[in-house]
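Trainee: The lines below spell out each chain.
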Amino acid sequence: MIEVGQRRMLPMADGHASYPQPQPRVGFFTDTSVCIGCKACEVACKEWNGVPTDVIGSLTGESYDNTSALGANAWRHVAFIEQRVPARQTDPQSPALQPGADGDGLRWLMSSDVCKHCTHAACLDVCPTGSLFRTEFGTVVVQEDICNGCGYCVPACPYGVIDQRPDDGRVFKCTLCYDRLRDGLEPACAKACPTDSIQFGPVDELRERAGQRVAQLHHGGVDEARLYGHDPADGVGGDGAFFLLLDEPEAYGLPPDPVVTTRDLPSMWRHAAAAAVAFAAVVAGSFLGRQPK
Amino acid sequence: MSRREQTAVPEARFTSYYERPIIKPPTWKMPDVPAYLFLGGVAGTSASLAALADLTGRPALTRVGRLGAALGASLGVGALIHDLGRPSRFLNMLRVFKPTSPLSVGSWILAPFGFLASVSAASEVTGVLPAAGRAAGIGAGVLGPAVSTYTAVLLADTAVPSWHAAYPELPFLFAGSALTSGGGLGVLTVPPAQAGPARRTALAGAVMELAASQRVDQRLGVEGEPYRTGKSAVLLNAGRVLTLAGSAFAVLGPRSRLAGRLAGGAMLAAGICTRLGVFTAGMASAKDPKYTVVPQRERANR
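In order, the protein sequences belong to chains A and B. Residues in the first sequence are numbered from 1 upward in steps of one, following my numbering. Residues in the second sequence are numbered from 1001 upward in steps of one, following my numbering.
Hints listed in this document are in silico derivations from the structure and should not be mistaken for laboratory results. Even for Gly, the Cβ is constructed at its ideal location relative to N, Cα and C. Treat the hints with caution; some may be incorrect.
As the list claims (entries may be wrong) - Between beta-carbon pairs, the in silico distance windows are:
| id | chain 1 | residue 1 | chain 2 | residue 2 | range |
| --- | --- | --- | --- | --- | --- |
| 1 | A | His-218 | B | Thr-1015 | 27 to 35 Å |
| 2 | B | Arg-1299 | A | Glu-144 | 46 to 54 Å |
| 3 | A | Ser-58 | B | Ser-1088 | 27 to 35 Å |
| 4 | B | Val-1142 | A | Gln-21 | 28 to 36 Å |
| 5 | A | Glu-47 | B | Gln-1214 | 49 to 57 Å |
The task is simple: from the sequences and hints, build the whole structure.
Mentor: Okay, here's the thing in structure tokens:
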């Protein structure tokens, strides 16, 4: 069980340990209970990474959200959810949990979504060119000089993060500011976040901090506070970027129980092999009849 | 209240973010990818039929099989390259070999298959180097079963609910559909005297295909719904009807050229409908958050 002990000291992602000197695995803890929906993360990400704008001028009518979803041109996405809830004493630190003035309150949930940098990353597994790779920081990055736009990573991602730029042909997503990490800087979104809703750091430290924060909220009576993506035992082996949420994940557009599709790949290959054998038997068997004259 | 209303399955309730999909639908273009699924199946079956036809002295079936394999592989690869966001970088597919990527494995199956099928077809057409043509044809024939089934893993190894949930059945559905289409090409074009193996292949494929698609309908829960509703259901049902019609012609008129033409045509059309149907069902399941959320919520609550 030495492996388990080592993992606790240095949480590793698939392929991370193959570096001669891997850096500590880093990621984000996004505490949505203190998000104020300012979208500074979206702006900072676009500015630093030169992410192009999508169509301007289309207002969705979905609260303050006109970004709508993560995609090739949206590597951070702030979700806005308006909910009618009974007024009650809540967390004074949290703008989302202020009691309403009248009988029932409007609860406003805001959450900055991002690539999860999964421990078992389906996008990376299925990439046929090796363009997607695991960095020395345990993050998942697209090498744009190799991507040939096959698009396989797009439906493989259980979170719907990565997508193709139609005018460019290649796929794009959050790099966790790989260039900044190599210069010892924190990613642009975390740097710009005014409330520390987006916290950057080594994943093991972030998990500890997240545990303390959720306990604090539960102690304060915010029973609906929950962590999402923090558990190394979940279907993707835990996310490098995980969250504290105040409602079910699907309310934020997150899958409730994502599983890396390649977990079933050995079984898929076995079924395909059985089908191939049946195929060969059918063709061979069909020649057993009479020889033509 | 009627009995029907009482037993109706209640509409699944679920939460979503403004009814937006959770996963991204595949960027794979229509008709490129379903066309490749069909052409690859025809090519794989044709190559295997040609190899054995060659060894058992059936020159007409050999010729059709070799040409069908080469043409199917070339058009299929063309469709795949056209589907790439950066077609000029298609050779990057052979940059690495990754068993975790069905597309990488498929590229490494398809590249030698296409080469061998083309060599044997070239020899068939020109009459040059018949021994090399035969060896290449046998090589392509050996790869035929892999070419015809790996595409099922290609679709299933995604987060697309209706494809992933059907991963145990899809390889048999695709193998069966490939056998029907490829056998159908032989039944369509080869004189009845030499078309026996193609006819038997197509009929066995029809049984495999229909059984697999029946099992998809019965076993799958909410993820099976896209196969049973909407445009995909129309396509899949058309595929079933054409498969049955083609099989009936093949059984009733084994010595008739006309029955063979009708049977082969119906079987090839069935293959197109079935591949389009499976593709469309997956796309529909990706675009509706219900198919992602409901099964996962059930699992999480368990």
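Trainee: Going back to the hint list, which numbers does this structure go against?
Mentor: 1, 2, 4
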